[in-house]
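Student: In order, the protein sequences belong to chains A and B. For the first sequence, numbering that gives the first Met the number 0 begins at 0 and goes up steadily by one. For the second sequence, numbering that gives the first Met the number 0 begins at 0 and goes up steadily by one.
To be clear, the hints were calculated from the coordinates, so they are not data collected in a lab. Fair warning: this is a prediction, and the values are worked out from it, not measured in the lab. Heads up, some of the hints might be wrong.
As the list claims (entries may be wrong) - Distance condition first, Cα-Cα at most 25 angstroms in a straight line; then the derived SDA-like pairs of lysine to any residue:
1) K395/B <-> M94/B
2) K98/B <-> K12/A
3) K12/A <-> Y364/B
4) K292/B <-> L19/A
5) K325/B <-> L28/A
6) K12/A <-> M296/B
7) K292/B <-> R31/A
8) K325/B <-> L25/A
9) K178/B <-> V168/B
10) K12/A <-> K325/B
11) K52/B <-> V309/B
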Amino acid sequence: METYFYVNIFETKGLEYLLLMAFLVLLVLLFRYLKTPHSTKPK
Amino acid sequence: MQPKPKLSREFVRFFKFMISEIKPKPPYFTPFNVITVPIILLGLGILVIRFSKGLGAVTNLSQEFPWGFWIGFDVITGVALAGGAYVITFIVYVMRVEKYHPVANVTVLNGFLAYVFYAGALILDLGRPWNIINPIIGNSFGFNSVMFLVAWHFLMYMAAEFIEFSPVVAEWLGWKKIKKWLSTITLGAVIFGITLSTLHQSGLGALFLMAKAKLHPLWYSEFIPILFFTSSIFAGLTMVIMEGTLSHRVLKDHIDPDHHASHNEIIIGLAKFATVAIFVYYFFKLLTFLHNKQWTMLGDFWGFWYILEVVGFVLIPGCLLAFGVKQRNIIIIRVGSIMAIAGVILNRLNVSIIAFKWNAPVKYYPSWQEIVVTLMIISIEIWVFRWVVSRMPVMKKSKAR
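I would like the entire structure built from these sequences, with the hints used as guidance.
Tutor: Set out below in structure tokens:
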């Protein structure tokens, strides 16, 4: 019986999945950061 | 018999109008004219030699390096920087965000001229320029080739951009009925143009898919078409920011006062879009970096050069643009835009020239003639742009609107 113990994220696609999750979270944060009130006059 | 005299009257009016418009307007001895006229004359002289004696007489191109500065900068970089036209027309005509309407015409004009001059510069680079007709007529051409797609797309996109801009030309000529009809087909041309752009911006990247052995692994990726497409979005937007800034200083007499007032708000809005596009592009770069396990290649000169491009000219301008939007600071946005444009130029030159055949014993460096001809093309484009903007209602509200 073949068993897998892939715990190294560099050998699997784990790192890429982590990056994708980080991307989605950071994208939401970026949108919130860019949402500025319109009352401030441009400098 | 009524139509005939009317037509001839219209023809005479049109002829007189064109003669009066073609005449150059003072002042003649501006710093821009004084710098660009010698460049244009020198460039034209070099082109005479190029077409009479061949590419080898004026360029450093060879069998080893058949693609040089004219392809790498004029075509591959120039087309990316012209991406603002399809992004702005998508925002204005498809998404119906009217806030950006004041910059739509001028951006389409810029995109059209960029394609005419930069994609047109392909003719200079062809050993047998008369064969440029072959992909268009399908003569001895691989229909599955990326180059076939790019050639057709350039041609059709130029036509689509001209249709998008044509209502302004019709208004300038006083053709009210034709203008009304042209305005009705603009949306179709816009959608067609956007479809073409998504394909040929990525198609320019796909040209390098076959060059896996020649391109440095840090720049080669199976996703290079997607990287080219996403980077063309923020390249175009940051170019619109910079062009808008320059136009507002140099051509302020030709701009509506309303447009003047809303200019900063438009810049901040465009910077917002550009920030998100840079963010997405940066993560694509990071993803390909991790996917190909490229961290082992960062120790040498190429690694440092790659970090300079990705961090110095992608991540930092992205952060500057985000910060500029948050602070509503136009100066920071402009600095971020210049850096982002520099980043796209660096990326395209890395892919097409600098990191291309990176391990070859003999390197390619552009000759001074290649650089002068490129400067000549840019100068002529700006001349034509200035001529159009100072005569046609490009930055002014349409009377019919």
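Student: Now, for every hint given, state plainly whether the structure supports it.
Tutor: Evaluated hints:
1. For the given pair, K395/B sits about 22 angstroms from M94/B by alpha-carbon distance, which is consistent with the 25 angstroms threshold.
2. For the hint pairing K98/B with K12/A, the CA-to-CA distance comes to about 43 angstroms; that exceeds 25 angstroms, so the pair is violated.
3. The hinted pair formed by K12/A and Y364/B fails the criterion: a straight-line CA distance of about 40 angstroms is larger than 25 angstroms.
4. Of the supplied pair hints, the one linking K292/B and L19/A holds, its CA atoms being roughly 16 angstroms apart against a limit of 25 angstroms.
5. Restraint check: the Cα-Cα separation between K325/B and L28/A comes to about 13 angstroms, which is no more than 25 angstroms; the hinted pair holds.
6. Between K12/A and M296/B the CA atoms are separated by roughly 20 angstroms; this keeps the pair inside 25 angstroms, and the hint holds.
7. This hinted pair does not check out: K292/B and R31/A have alpha carbons roughly 32 angstroms apart, beyond 25 angstroms.
8. For the suggested pair K325/B and L25/A, the alpha carbons sit about 16 angstroms apart, so the restraint of at most 25 angstroms is met.
9. Our distance criterion of 25 angstroms between C-alpha atoms is met by K178/B and V168/B, whose separation comes to about 8 angstroms.
10. Proposed proximity of K12/A and K325/B is contradicted: the alpha carbons are some 35 angstroms apart, above 25 angstroms.
11. The suggested pairing of K52/B with V309/B is violated, with an alpha-carbon distance near 41 angstroms, which exceeds 25 angstroms.
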